[in-house]
Amino acid sequence: MDNLAGQKSSLSVVTNLAVIFLVVIWLVPTVGLLVSSFRERDQISETGWWASLFPVEAAVRMRPSASGASMDGDYGVLRGNLFDGETGSVSAFGLTGRDPGAAQVGETYARYEVTVTEDGELDDERIEIAYPSDEEPQFPETTEDGLPITPGSAILQRSLTVASNGDFTYIDKGEITRAPSIYVVTKQPPDFGLQNYRQILTSDGMDRAFINTLTVTVPATVIPILIAAFAAYALAWMEFPGRGWLVAAVVGLLVVPLQLALVPMLTLHNKLGIGQSFLGIWLAHTGFGLPLAVYLLRNYMIGLPRDIIESAKVDGATDFQVFTRIVLPLSFPALASFAIFQFLWTWNDLLVAKVFLPSGSDSWVMTVKIADDLLGSRGGDWGILAAAAFVSIAVPLLVFFLMQKYLVRGLLAGSVK
Amino acid sequence: MSPILQGVLTIIIGVGGCLAYFYGSNLVLDRVVFPARNDDQGRNIRRATMVRPWLFLLPAILALGLYLVYPVVGSFIRSLYDRSGSNFVGLGNYLEMFQESGFRVAVFNNFLWILFVPAASTFFGLLVAQLTDRLSWGAIAKSLIFMPMAISFVGASLIWKFVYAGDPAIGIINAIGAYFGAAPVDPLQIPFWNNFFIMIIMVWMQTGFAMVILSAALRGIPEETIEAAIIDGANPFQLFFKIKVPQIAGTIAVVWTTITFLTLKVFDIVYTMTGGNFDTDILPSYMMDYMFRDDGRATAVAFVIMVIVTPVMIYNIRQARKDV
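Protein sequence lines, in the order shown, are assigned to chains A and B. Counting in the UniProt record's numbering, the first sequence runs from 1 upward without gaps. Counting in the UniProt record's numbering, the second sequence runs from 1 upward without gaps.
FYI, nobody ran anything at the bench for these hints, they're computed from the structure. Mixed in with the good hints there might be a few duds.
Stated by the list, open to error - Output of the computed footprint for chain B on chain A, the stretches with three or more beta carbons under 8 angstroms from beta carbons of chain B: (1) 23-29; (2) 37-47; (3) 73-80; (4) 367-374; (5) 396-405.
Since we're looking at a predicted model, the values are computed, not measured. Cβ atoms here follow ideal geometry from the backbone N, Cα and C, with glycine treated the same way.
Work out the full structure, taking the sequences as your base and the hints as a guide.
Quick look at the structure:
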């Protein structure tokens, strides 16, 4: 069809651009999650993930060692470099966490005690001012609250000067014995690491949830395949009255909403003593997965060449032998398709796990862990949430990209006659 | 016992048990019940052939009957009883529910979902299928758009929380808004439209499914019809809408209904994104509000969902009867 007339190259440029646009739109959310999962918490709250490759301006608290402090009259003086030999760049600094960037580089930030007049009485107040380092401090006429300051009453309490390379001078009334708290706004290089993953997998219990998910998934995938394969063979290649009705019933059951089964089956499980348990969820997933399994496998098996099966029967093979020796091996693509479906479905399931598994944290699967625990307790900790989400989607994505061929085949077998 | 060990044991017992059942029951049938001995060999083989299908089918019929057929009846009966399960209230649960504004909101939203999600997914799926049809890197593009299908609804919701977050340093939508000077908003709290923001997640996930199937259908269109149309001077748009789309209408209908059914099952997205707050509940998430608290109400909601899917279920069964 490529060489047909009427297909202009301008159209193909538009097509390419449109597809690129759609693919980007489709990928952006996932990329955001992936990038965020590797970012450090402070950086996530400062800039969006799309800016994660650029340095981040963030305020940090530093506590340079008090050793090396000297006395100058009544004041202790501490000089040094905040980066301690490493390179860095300061853009602003301050003395309180409330206002960590109160003064710009090149200024001195100082706290003074001043005398103010309040309701006709004299009172002491503290003010903080920033002024160019090479000039004398200029005091305002009133405090922030509007109280008039008595000129000339200012007594220095504490001051800080920081240069952009991290050299600082810290002056405090009295001897400096403890490491002072200095807040600086610095440009930090992009910081990617595995710390979020380390935390969720070691201290947040995601490792346990991962194992639980795996424990639910594998039997819930293997057992229905086996049961469905035999049933599909009977429905495809064995003659018996009522076959047509059974096939129709399977098709009907394909669309029965799962929600119907929750209450009655949980009640039944409780009566039988299975209760909320792994055994219960394996049985439930087996039941819920069967209609699709039988339907897909029967559609596939009925398309196998009749000659092979009939000649085997003529040669004296029983149905059991025909099934195990011929039909099962030939049906491998359909078995693989369904296995992938069922694996993805059980791995990703939240509803069945919430209902049929015990509600204690010991048996949380990853989806329950994220939806019921992490989103509540760590709702604002985006790095942790991203890492947890990525741990839970990594295996399905791997299966998806490795087995895409079978997945597509299965979808086509299920939907197109 | 650790869950892993339990799991391994289950696989061994489950798989081994299934195999032993199928192998053993066939063996018993052939050797003990109807042995193919000389005296009445023919009759016995015939009788064994009549029984064997049911041996093959038994486990599947049991599981299907127990987990899918019985619950339809069981749920309906349970929905006629009150919360405790001991007092018969007739249709009381339904009547009470219909008068509740929360239920009406959920039904309304659910119809929005059924209308919007399949339509948008099918539209985008068809668009991508057609655009990538002759593209050299079409396979890669399709694979990337198909990818969200593998992700759990919970994972997808988290992914989209990063898109919608109100903080412009996290949510890309608010970051773009902030760039143009808009004040940060939480899209999930905007009445009515928040439903669509949540539905977009589902569309994002289902477009790949629609694309895969429609792409195969487009490939299956006989080339003569397309060539004839081009020779007759059809432009690419006429070619697509008047020649191709009518020929794959049946497949479009299948994709549409499949996504509709899926939409009726999904509670995870609403549950994770808003927990049903801000008037975003749909029937499946509304049901989970009552699960474990009021089983009478929960089963009543489930049965309403069942009633909604019944017409299509009957249609499907009719089609299947025709094929057999």
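A quick look at each hint next to the structure:
1. 23-29: holds (count 5)
2. 37-47: holds (count 4)
3. 73-80: violated (count 0)
4. 367-374: holds (count 3)
5. 396-405: Result for this restraint: holds, n = 6.
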